[in-house]
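Protein chains in written order, with this note's numbering: chain A, 1 to 410; chain B, 411 to 820; chain C, 821 to 978; chain D, 979 to 1136.
It should be emphasised that the hints constitute simulated quantities derived from the structure, not laboratory data. Possibly wrong hints are sitting among the right ones.
A few chain B residues facing chain D, derived, Cβ under 10 Å [stated by the list, open to error]:
1) D765
2) K779
3) S815
Keep in mind it's a predicted model, so treat the numbers as computed, not measured. Cβ atoms here follow ideal geometry from the backbone N, Cα and C, with glycine treated the same way.
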Amino acid sequence: MFDLDAVRSQFPLLADRTIDDSRVVYLDSGNTSQKPRRVIDAMTSFMETSYAPINRSSYRLAGEATEAYEAGRTAIARLINAPSADEVVFTKNASEAMNLVAMAWGRANLEAGDVVVLTEMEHHANIVPWQMLAQERGIEIRWVGLTADGQLDLSNLDELLSDAKVFAFTAMSNVLGTIPPTKKLCAAAHAAGALAVVDACQFVPHNVTDVQDWDADLVAFSSHKMCGPTGIGMLWGKMEILEAMPPFMGGGNMIDTVTFDGFTTAPVPAKFEPGTPAIVEAVGLAAAVEFLEDIGMANIRQHEMSLTRYALDTLNARFGDDITIYGPDNVEVRGGIFSFEFRDLHPHDVSQVLDEKNVCVRAGHHCAKPLMQTLGVNATTRASVYLYNDEADIDALADGLDGASDIFGF
Amino acid sequence: MFDLDAVRSQFPLLADRTIDDSRVVYLDSGNTSQKPRRVIDAMTSFMETSYAPINRSSYRLAGEATEAYEAGRTAIARLINAPSADEVVFTKNASEAMNLVAMAWGRANLEAGDVVVLTEMEHHANIVPWQMLAQERGIEIRWVGLTADGQLDLSNLDELLSDAKVFAFTAMSNVLGTIPPTKKLCAAAHAAGALAVVDACQFVPHNVTDVQDWDADLVAFSSHKMCGPTGIGMLWGKMEILEAMPPFMGGGNMIDTVTFDGFTTAPVPAKFEPGTPAIVEAVGLAAAVEFLEDIGMANIRQHEMSLTRYALDTLNARFGDDITIYGPDNVEVRGGIFSFEFRDLHPHDVSQVLDEKNVCVRAGHHCAKPLMQTLGVNATTRASVYLYNDEADIDALADGLDGASDIFGF
Amino acid sequence: MPGLEDLYREIILDHYRTPRNRGELDPPAVKIDGHNPLCGDEITVYLAVDGTGDDAVVTDIKIGGQGCSISQSSASMMTKAVIGKQVGEINAVMRRFKSMMGIDNIELEEADSEVDLGELEALQGVVKFPVRIKCAVLSWNTLANAIAASAASAADDA
Amino acid sequence: MPGLEDLYREIILDHYRTPRNRGELDPPAVKIDGHNPLCGDEITVYLAVDGTGDDAVVTDIKIGGQGCSISQSSASMMTKAVIGKQVGEINAVMRRFKSMMGIDNIELEEADSEVDLGELEALQGVVKFPVRIKCAVLSWNTLANAIAASAASAADDA
Ligand SMILES: Cc1ncc(COP(=O)(O)O)c(C=O)c1O
Ligand SMILES: Cc1ncc(COP(=O)(O)O)c(C=O)c1O
């Protein structure tokens, strides 16, 4: 598939950082990913030799910087097979992208009583913006439920979608790892006359993404989860939808003209990018995309599928009934995210004990409190893998868990 | 004051980058500033050794990252003499901060007919968000006019402010360089019962800032103009005002709890920071603040005052009636930004000719189209200086201008 | 790294395994929820107060909710430390406790130095694990809100 | 760096100093504004068209607004290139011109290769100065909008 050691050696933190003389076992990529040398270097060298404003000034340095910034957009368009780079809007993170959808599209198109359908496995980023809109103008939110193994329960989908204006769902759960059938869900949304909005935060970094094949309308994701810099995220959308939307925020760059009486907007994507954007970050993001493309998204998915199989088998074999891993067992429909309960220990204590072994996992609600309610817990421990993880990391997790019982004597 | 050569040598692009074998004369810092080694290194080394999620995970690496991120907040609070670091909200840029004010405070507090007072020298970032609100709910916008030398005409301020709910103004014009009497204007706003909102984008990077002395209510500015990274900006506000405001965007991190029925918000500042923030950028920003503090904001202001004097005198002496420099002549009330008309040449052509000499200036409306209308032009050429510029840079500008006439024969 | 034994002292684990004063109280006792958004911990403090002002006495307290060993044991120890005490005394304990937790915007009063934290001292090791401090103070912050709510409802009744 | 002489050819400066067809036209001629948000250039195209479809003829055109030497001279040359021409011919010139400007989403038609750009060729040097390309095409984009507006108003009248 690919040379794992070579890949890992490109991540300085994974290759070189030690705590208490031992290396870091990073199993929190579902939260945010580590950064490869290539991304760090691209940002550094851009700041050292080419930093300048974009879209505003006309000297050569500024022209070059503008091209470098736009190359980030082109790279993203290529990665997700968007028809045009102009359909890629840069935001500060995926959350802003979801707010843009709810606030700009939503305010323009939704009225009291209108229905937005979400799923019970959504991240707060795809819940709270809609709840804010619900407070503001009384839209109704309906929820697609879950099956016992943590997949979407689609048995009553048509009913839920009837009269719905929006169906907004995750392409991969950040808690369960579940990968819903996005293409089918977009088709269902369209059949019901609803907008298909995809939270692809967890999907894009780990899979081959084709927004045209999905036939999605609007898709949000973040750079920092895909080896790229913090401070930048994306909304991709079909051009005619983006063009019909009002702006979300006002300011420089997003205008065509401004007078004392009012303003007109610039063409998409500038319309949605007020002010000085994350220039250096777009440059780093382009490098991240190239890095991922060189390895190959299909290879990354393959690697993670086999690592997921190994993780599920290892943890279940070692701990049997002492561990409950949420989400489907079939690696075809899940990614490398493992939320689990372990021997009645509280996740925060599990994470603490693992931390002593330098195993980094997340404990908590993972910004999915409604899902916690559905699962009947208030927190889980979550390990998540990426292209740089291997079976030894899973073994370290299992060894760390073994140690936990000694302390609490459960 | 400070050792200019030493300072300049810390900016790799200024020290080392050449185009056509000659160094770059960077006179576009009003647009965005160059980055010192210290900032670049802080970001690089953080990504290499300490990158992790903040506020969410509980292992040590994540704890350290959270502290590093919060150190950015503390640094900003110190720089502007804020009573508490928790009053500093990180946004993606100053524009988002202004939108946050107009949309979150504005939607909660302004109704049809309510008055917002702006000035004719505002940047689009402090105009368009209010115009969007005006479209949405019919607020009225009033404009403080200008005197002949480009200062605020305060003769009818009380009248303009009567019944106003908000007075939002720039602490330094990005076109004229004018530094209005911010403290006095905040007092006038308060006397009229209005909120005092300051766009401090151009002020903070170049001056000693004391938000408590100003007695401002909400203050917005950007990292990228003050030697810091792109992708991060700030809104500082008085705690009781921030606490009373509803959130602007929804998602993870900004919540206290979320259920299927609704959400409650986290305390300030988290309430206004949905999703994964600009972590690496906050780290770089802390380094930028330390860099500026080591040189001393008062020293930077001194340096720029004398450079401003030199620039005004040099350009006027060399070009007499052939040049019109906007804004006040008194360097006590202006910063180092020079917008000018030159021999009837169009700014875009001036900038082109200067670019051949590697002199980087901005040509255009500077995101202040209403001000252009007031000045009766549709664009100006703008040179702007920062701590790394010197008299030789001004001389290069003047030499470059000399060359312009040869081409156009005006 | 400070060892886990600094954090998980025996007395803490004892309170975690056998929490004291779990349960509910009926109104007029106040009921206040607290969250730790970081890790999802949820706590409910039920508080019965007799009287008003600093002299008011906490006559009963119960704890509900779920949380990690630190937040649960801290809550359990807290109930023992406050039951039967006057609000003024409790506030002094709270200040001392928070200051032990390294929370720096606490204004200690002179008399606070005489406050004996008793069992709560066992939580001292938490300071070495900064992310756990929020777990340890969650119950105290929720108690503070409950005391405020009691005072407010007493004022309403008056 | 390509020399400024590539950009500021004599013929360009001539059109800049002495712009052709400046002025206004009264209705029913259409009036369309164009902006270059980057540099603040503003252009107004007044267009009188006779007929409908590709055979319609541009009977008159005038230019208003302010701009840099490139946008002004490009507009001035454009007026000479389109006056008296049929819309179909004008579109072919426009495609050729934009393709000369390196704008890559232009679908050239076969016959376009025979189009003679005449004076407009002088603007070829602009391609070497990417930020100026927008200046050169501003008038053409505005003209395209004006042609569309004429067609629409002709349809309304019909
Ligand atoms: C006065 C003023 N306000 C607001 C802004 C907007 O800042 P940003 O582009 O960082 O959002 C700028 C910078 O262009 C400015 O000069
Ligand atoms: C499924 C999902 N959606 C949205 C988000 C929000 O992304 P960000 O924090 O980059 O805004 C995340 C990441 O936490 C996520 O996992």
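Give me the numbers of the hints this structure contradicts, sorted from smallest to largest. Number 3 - this is the single hint that the structure violates.
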